[in-house]
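Given chain Z, put chain P with the ligands in place with the hints provided.
So the chains spell out like this:
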Amino acid sequence: MEPLVVAKNLVKIYQAGEIEVRALRGVSFEINPGQFVSFTGPSGSGKTTLLNLIGSLDVQTSGELVVAGQHVNQLNIRQRANFRGHNIGIIFQDFNLIPVLTVRENVEYPLLMVKPTPAAERSKIVTKLLEQVGIAEQADKFPNQISGGQKQRVAIARALSTAPKLVLADEPTANLDKATSTRIIDLMKELKNQLGTSFIFSTHDPRVVSHADIIYVLEDGQLQTPTAENTMGHGGKN
Amino acid sequence: METARIAFRNLYRQKRRTGLTVSIIAFGVVAVILFTALAGSFKNMMISQITDSMLGHLQIHRSGYVESLDTMPLNLVIEEKHIDQLKKVLGEIREIEGYTLRILLATLLSNYADTTNIKLSAIDPASEQLVTPLLPGRITEGKFLEKGQILLPNLVARGLELGIASEAVVIATNVDGSVNGTSLVVSGIVETTVGPSGKYGYIHIDDARELLRMESLQVSEVAIRLKDAETLTPVMKKLQTALEGIKDDKGKPVFEVHPWKALSPFNNIANMIDLMTIFIQVILVTIVLISIMNVMLMAVYERTKEIGTIAAIGTMPSSIMSLFIFEGLFLGIAGVAVGNITGLVLVYAVKAAEMTISFGQSDNILLAPQISLSTMLATTFIVILVTLLGAVEPAYKASQLDPVEALRN
Ligand SMILES: Nc1ncnc2c1ncn2[C@@H]1O[C@H](COP(=O)(O)OP(=O)(O)OP(=O)(O)O)[C@@H](O)[C@H]1O
Ligand SMILES: [Mg+2]
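Protein chains in written order, with the working numbering: chain Z, 1 to 238; chain P, 1 to 409.
Excised from the complex, chain Z in its bound form (with noise of 0.2 Å):
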């Protein structure tokens, strides 16, 4: 099976005026399709930037990244902005949900503007992503109208709307209360297993992280040697 994801040796240098910062100091790893992988480690170790490449928002300095085939560093904006409506979905921290906009439509959002879709299909994907993610029945109500747990809901079955390869969610939990956090990451997991989608998240809470089936540890911009417990306890089989 070809992989998902695969980094080789990634850097990504910022310049900050004078300093250079090193947030990723040579990263390789490889994901496959229908995992469900966590990246954690402490604040400043890099998660955020790993994702950022790994969802073409960004480009690395050095290294090599493939995502979905595609070596993403070789693409211009616009192509990057065609490929990421197309393989990605994106879950924020603090939700971004448009605020002007009711549940329903900022699902339907991406299916207008990035993903031109029939309005028949369009009706329908969304009827059934809120039902997936529980939501149905706040449908018509705006984002300032429903708690933190529920805009992560929307915006889960927003990232699944365009039906992408792999879902990127940096610290989708942050925001969220312990109990909410576990339910929410237990719906993506649910929702990897229905549709087979790759979600990597990234997160600092340990509770959390116990629920990937692969989790790698970054620090100081470098991976850990992945554990026995890591690896044999979670497995990437299912």
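Each hint should be verified, as a subset may be incorrect.
Derived Cβ-Cβ restraints for the label pairs, each shown as a range [said to hold, decoys possible]:
| no. | chain 1 | residue 1 | chain 2 | residue 2 | range |
| --- | --- | --- | --- | --- | --- |
| 1 | Z | Glu18 | P | Ile287 | 51 to 57 Å |
| 2 | Z | Ile19 | P | Leu297 | 27 to 33 Å |
| 3 | P | Ser372 | Z | Glu137 | 56 to 62 Å |
In case anyone wonders, no lab produced these hints; they're calculated from the structure. Ideal Cβ positions, reconstructed from N, Cα and C, are used throughout, including at glycine.
Just chain P with the ligands, lined up with the frame of chain Z:
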């Protein structure tokens, strides 16, 4: 078109900001409409003061007369046979409401003690009132003219202490150089106004013919009133074509035709009002442009996170750009619509309020603002264009935001 729908929905859901922006644009449009309507009304009123109290819309003279108008030469007159030809031509042009024949003469006026120079316009009272209907209104004391009477400008009347019903002697030199005088009764005092013929006195044309010992009818000036002042240029063309064939013994054309504009310095003021209107329009359009750019830039700034989000999930820069351009376009259309309606209502309100102003020595001139469809269409077009222009730069900015940067907000 989805982008247009989404842009519309964004505006519709952001009622406050949309309302504010639409008001700014509408305000600009209302200002343009009101100013144009009032300035236009003032200009028209001023023009009609001049055409309706002195000049008429068009004047016909013997070729070369206007050049030497100051001396009122009696040898440059329109002869009787030419008058007949002219009457025939005038009778055939439907746009002409009426015309009047005048003899202009430079005379001496005496109260038996003192003497002064005065320019007189010798008129036929009936047709004169048809061509310059505001003339009787300029009479501040006494009545309009009959045969054997004289209307004096107030400065001369005061200077010579000539009151109503007092007797005055008019002395003139005729075309052969012989001097003759006649005594006339002051029928009224006419106020002097600014302009070339504003200090003229008036006598009856028959008295002038006697005074000048004219055997046949000869006139210095034919003043014409049109049914609609707007037809001035075409009528003038028609007249010129019809009259250019009439030549004198030496083969030179007999007549010259002048519009009121060529005879009055007020033309410059009218042009200045036009210029000022354009100037104000430019300023207002600039204000609209700056406001729109400002509001749109603020919107982009406020919505940085939203823009970052839609960019991150894969919306193309071009789509983001058109989203904001559509928003600008719709704001412009809404603003213009609201502005046009409000402006029209205000114009009619001012009209209905029957406000009056004073101009020169005439007060109680009714302010009649009006706005033409073409002005409104032009304003509409320009403002929408300007709104679009104002939206381009912020829209471009939005489309070029780096999603990672934008999301950090
Ligand atoms: N745009 C940038 N310019 C300069 N330095 C940056 C930039 N973005 C991140 N960094 C630096 O790169 C390093 C990695 O940052 P990153 O945000 O990837 O860490 P993180 O693991 O996501 O941390 P956190 O858990 O706090 O979100 C940090 O030292 C950070 O300060
Ligand atoms: Mg981070």
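To see whether the hints hold, each was checked on the structure:
1. Glu18/Z to Ile287/P: 51 to 57 Å: Given about 44 Å between the Cβ atoms, the range is violated.
2. Ile19/Z to Leu297/P: 27 to 33 Å: holds (31 Å)
3. Ser372/P to Glu137/Z: 56 to 62 Å: The hint (56 to 62 Å, Cβ to Cβ) holds, given that Ser372/P and Glu137/Z are roughly 57 Å apart.
Of the hints listed earlier, the one the structure fails to meet is number 1.
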